[in-house]
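Peer 1: Listed here are the chains, written in short residue letters.
6 protein chains.
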Amino acid sequence: MRLLVINPNISESVTALIEAEARRSASPGTGITMQTAAFGVAYIETRFESLIGAYATAQLAAEHHAGHDAVIVAAFGDPGLAGLREALPVPVLGLTESALATACLLGHRFSIVAISQRIQAWYREVVEANGLIERLASIRALDKPLAIGNVQGEHEEALLALCERAVKEDGAEVIVLAGAPLAGLARALRGRLPVPVVDGVSSAVRHAETLCALQPGKATTGSFAPPPVKPNRGLPDAIARLLDRQARP
Amino acid sequence: MRLLVINPNISESVTALIEAEARRSASPGTGITMQTAAFGVAYIETRFESLIGAYATAQLAAEHHAGHDAVIVAAFGDPGLAGLREALPVPVLGLTESALATACLLGHRFSIVAISQRIQAWYREVVEANGLIERLASIRALDKPLAIGNVQGEHEEALLALCERAVKEDGAEVIVLAGAPLAGLARALRGRLPVPVVDGVSSAVRHAETLCALQPGKATTGSFAPPPVKPNRGLPDAIARLLDRQARP
Amino acid sequence: MRLLVINPNISESVTALIEAEARRSASPGTGITMQTAAFGVAYIETRFESLIGAYATAQLAAEHHAGHDAVIVAAFGDPGLAGLREALPVPVLGLTESALATACLLGHRFSIVAISQRIQAWYREVVEANGLIERLASIRALDKPLAIGNVQGEHEEALLALCERAVKEDGAEVIVLAGAPLAGLARALRGRLPVPVVDGVSSAVRHAETLCALQPGKATTGSFAPPPVKPNRGLPDAIARLLDRQARP
Amino acid sequence: MRLLVINPNISESVTALIEAEARRSASPGTGITMQTAAFGVAYIETRFESLIGAYATAQLAAEHHAGHDAVIVAAFGDPGLAGLREALPVPVLGLTESALATACLLGHRFSIVAISQRIQAWYREVVEANGLIERLASIRALDKPLAIGNVQGEHEEALLALCERAVKEDGAEVIVLAGAPLAGLARALRGRLPVPVVDGVSSAVRHAETLCALQPGKATTGSFAPPPVKPNRGLPDAIARLLDRQARP
Amino acid sequence: MRLLVINPNISESVTALIEAEARRSASPGTGITMQTAAFGVAYIETRFESLIGAYATAQLAAEHHAGHDAVIVAAFGDPGLAGLREALPVPVLGLTESALATACLLGHRFSIVAISQRIQAWYREVVEANGLIERLASIRALDKPLAIGNVQGEHEEALLALCERAVKEDGAEVIVLAGAPLAGLARALRGRLPVPVVDGVSSAVRHAETLCALQPGKATTGSFAPPPVKPNRGLPDAIARLLDRQARP
Amino acid sequence: MRLLVINPNISESVTALIEAEARRSASPGTGITMQTAAFGVAYIETRFESLIGAYATAQLAAEHHAGHDAVIVAAFGDPGLAGLREALPVPVLGLTESALATACLLGHRFSIVAISQRIQAWYREVVEANGLIERLASIRALDKPLAIGNVQGEHEEALLALCERAVKEDGAEVIVLAGAPLAGLARALRGRLPVPVVDGVSSAVRHAETLCALQPGKATTGSFAPPPVKPNRGLPDAIARLLDRQARP
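Residue numbers (my numbering), protein chains in the order written: chain X, 1 to 249; chain C, 1 to 249; chain G, 1 to 249; chain P, 1 to 249; chain L, 1 to 249; chain A, 1 to 249.
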């Protein structure tokens, strides 16, 4: 089994964090291909940056999905996820929906702990779009400027304190550590939190393996079938091939 | 007052429909600049096509917004709208949210009449994202293949029949005619429907004028402030300038 | 174009505030007719007072709507709005729904800043009835006794502080200044708030102009058609004429 | 114990139906005072008629509540209910909320069977305002013109058929027979329906007795306390006395 | 009329509290039969304990319901309620749904005051399952260890303080005192709270009397009809008889 | 890794179906222990039967969980799941929540296809309790009497037709085949449906493996911590030991 994991941000340091956690989480025999956005920003925390990341991800997915059994959009907030689910012939998963799926198997209400104040409104909208707002206990976030490649090292105690407040004050029954820069932190915090803690990357890797194993099938009709073939222009070759239903040359 | 109206699709024929209705709807003294997506598909009806349209729209908006008082994303479904609202210094409006705003001033529950079966699931998600799903009576759509530049001419009676069923069977108190290819149809159907009928283009033009007149201010903090300045790479110049907060050269 | 603006309260001083903001907001060529409730209370902050204001408004609307292109119910909370929308042959708008329509075009979640503690529960129910509770970040209100004709003068700084807390603590992306006694305050606060700020009177005036321009049509069937003709008794002449579908003598 | 039961419509024949069912339902020792609206329409089926009925009910309630232990607003749709609950010193109940309270004790999802097509949209909004829309399976209604004083006699079989369809097609676990003209029909249909059937008048009478017995207390603060004393003018004496907190002369 | 009141907990001291309040609340002529769970825990505050209490209650209900007109599940949280409503030929009521029904007749939003921190999440889910989460202002709870038979005596002032905070800080318009160990406290607090206060036991007793009086009928089809007859094994005789539709020997 | 899979029904033939699908779905190295309810009914389709199944499951789980890494409650509807999640030291999963988690990774809206009319209302409530009602497109069910051990064999075409209608008429983007008697059918229907199809047993087995691999931790505080130790009586030894936090003798 081979997974294509795409970092929608341009930060190679974050790609490395993602890759490390993906490899630690994967079952034996699961291969990981990493790709980093060719264009975009260092860290997506807004809807506009997500729009850019979605397109960068789409290009990489179109170009590289062949030979993979599933694709993971490896930024919390899942830029482009629903669109790619239509267009690609294999399962596509995002960090947020994967983490929420795990969280829902562990408790009724979850809190999200995030790395910037700005990112919270967007995350809330993504939870709403997933239809799970009733199960969201709270979102809490760091309020310090960040060195994106070393959030965990510098802010572990502050993140832990946010988790504890979410449990004590907001009634969180599960904690979701949000954002690719926190990839692997759940592993580090094991045993230090009074409720289960969930990570997006490891959730996505495992759920991707599950979807590949279950073989539920790809939609051929309805809203997740591939987009209808129609005139297009000006698109990168790989995207045009997807839309035109041409196999890769 | 000058409005920049962007067609996120590549169809010049649809741009012409939009422009005609925009000019008919605008107040005296309101200028209209039209732009058509440089890349993308002929007509957006899926989440993946919307993702592409969002990026194409973002490029045009970044490049051309200077000198305009507001920007209109002229595809139903509002590709890229929330992101552009963050990034641009002027109000940004979409056809869907504008039509829904009008509809909500005319009745409690509305139905959307659309031009393709496929488009319905995506529209429903957009209504959900607008927080208005409780006011959605139904979505009904044509089930015939379309010549996108001449939907109104060929399908007027079928569209009228869909409206009537929405009123009679679904309890619609207002009808929203959805999709830029239907721009102007509301005008043509005036007096033929038993409930108010709303059009996205004219709604957006008028609401844009209203926002310009009211001068509510641009967010400088919170989630609709411009994205934080941070490293980026590989972006079209105009988008990079927006992100870097540089005035246009 | 001529708008009938009805103050459902008996306070002439508030009528003057409303009129001033309505005239400042209206397009050239839009005439404003003001009416003040013939009976009722000085300021509506409860459901019972709203019930009274609704009936007072209905009488004035029935008596004076002829010769106007739209009617505005100029108290936040929109007393009698939905009923009048059925009964009158022209568009009817309220301050709350108009302000919310504007707010929804400017951000995803809004807070309402109001002038009395008591008023908050009722406002919340009005937002619920508009189907927008998911987009309500918070309601905050002054906690001091008020001289209703001079709220802005005496409490501007306190109101500004409430706005700032709504943005900072509640995640408000837009502020709605609620209540006719605050008419015009949004204009005065321009540039002093970090998010867009919306006013009910100016929103209603502009949206009324928009509905007149768009000519969406009046419902002739469904729940916003005029009430079925049936026996009635004891009603003011103007209301009886409306119910009996008689033109004004 | 003495209950004041107000018919917000002007139809004496409906008052008689209500009174008969109220007396059949009341416990021994419970006295019933009936009042019929002094002004208004023959049968409320729209928001505008409800606005009128609310004011007519408020006048009667203000004038006659003294000496009663609770007040019942005896039209489905509960015109003026929330306002009167603030203003009166005794419990106030409506037919809709009382029927829904009963229905919720008998099953999870209920359907409402009503006597006119037009009335359905308004009933739906009342269920929404009660926060119970998730438990509403459907609303079904007669589609024939009505002689309001003899709906039951002429339409019993049609009403029964609507109930059966609600159970079979909509999943109704309880049926609510809606509208004062149907008062007593539930009693007549006993044993002919496959699910429990609820009537508004008998529910309201019994719940009124319960509230009197439980003595939960009247709000003296919060949004159901009496409205703050403030200037008023032009009101019927009884309403003015309520607002001014004067005992009846 | 004869009511079977089942304490799903094993605490005889709580049974005594329930019985005392039930007798105080019942109408003249209403007889009360008390039963205490034969197995289970001293006080249910978790979903697991509720699962046990549900089965203990089902056994007692199956064994003892004959000769009673209604059955009351006398633990807040209503363990087993929906299942028993299917299986028994008479109305079945729970403390939570009964208290919520009363609260909904007294105000729009209610708070629940409970006796342990742990119990809050489960209560919240029960309110959700009742479809009333939009009307829940808050849940507040004691944070001290409890002697379950004497909560009221030791904690009356602390409970009163929680009620006051719910009104002042959370906007509660009605207070629900939750948990059988608080049975009767509402009576003791009468006149000391600024909003109506509701008790589960007295609400359930009165609503049971109402359902018996109204005779709405037992479902014979749909999801609250008795379970379909099918093979079973290993069940207590009384439950097996219920499932097999055998009259009691 | 070793999973304890409990059939809350007494049907050995269904246990065999579950076991076969569990073994087909499990990763190499995952062991499966099957247990069948010692008491209860042949097939759970009502809330009352679920109450019984929950207790039967709790006994088996308490008695047999030692030596297992996770427990699966193998009836759709998840009887007892939330309670067991509190009480057991290992992850506990149900068929419904597992199938919904899978479905949510494959599309936005899903339909459930079930094997009896009666079961639908209860399934709907379970989806509500999972907070996913907004994503439920429909529930459709067979309307024929069943031989529970051979539903698939006799009804495959009818089930397929229900799936197709859910896609075409209800907008289902994913199909969930519900009920342990359908275990394995998703596998048989592969390639015959136009949207992805999900099975509860295989989803639960795979998600159980995922939770074991991710090691998110067991709640030690909050509402999913083990119930507080308190007096109990009359319980099966294994349950008493769980509640008393005693290791197994």
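Worth flagging that the hints you see were computed from the coordinates, not collected in a lab.
All C-beta atoms in this analysis are idealised placements derived from N, C-alpha and C, irrespective of residue type, glycine included.
Don't take each hint at face value.
To be verified - For each label pair, taking beta carbons as the anchor points, the in silico distance ranges come out as:
no.	chain 1	residue 1	chain 2	residue 2	range
1	A	E154	P	R23	55 to 63 Å
2	X	P231	L	D170	32 to 40 Å
3	G	G234	P	P145	54 to 62 Å
4	G	S27	L	D143	19 to 27 Å
5	P	I133	L	G67	57 to 65 Å
As the list claims (entries may be wrong) - Below are the DSBU-like pairs computed for lysine-lysine, each with C-alpha atoms no more than 35 Å apart in a straight line:
no.	chain 1	residue 1	chain 2	residue 2
6	P	K218	L	K168
7	X	K168	A	K218
8	L	K230	P	K168
Peer 1: Now look at each hint and say whether the structure bears it out.
Peer 2: Verification of the supplied hints:
| no. | hint | in the structure |
| --- | --- | --- |
| 1 | A/E154 <-> P/R23: 55 to 63 Å | holds, 57 Å |
| 2 | X/P231 <-> L/D170: 32 to 40 Å | violated, 57 Å |
| 3 | G/G234 <-> P/P145: 54 to 62 Å | violated, 24 Å |
| 4 | G/S27 <-> L/D143: 19 to 27 Å | violated, 59 Å |
| 5 | P/I133 <-> L/G67: 57 to 65 Å | violated, 39 Å |
| 6 | P/K218 <-> L/K168 | holds, 16 Å |
| 7 | X/K168 <-> A/K218 | holds, 16 Å |
| 8 | L/K230 <-> P/K168 | holds, 23 Å |
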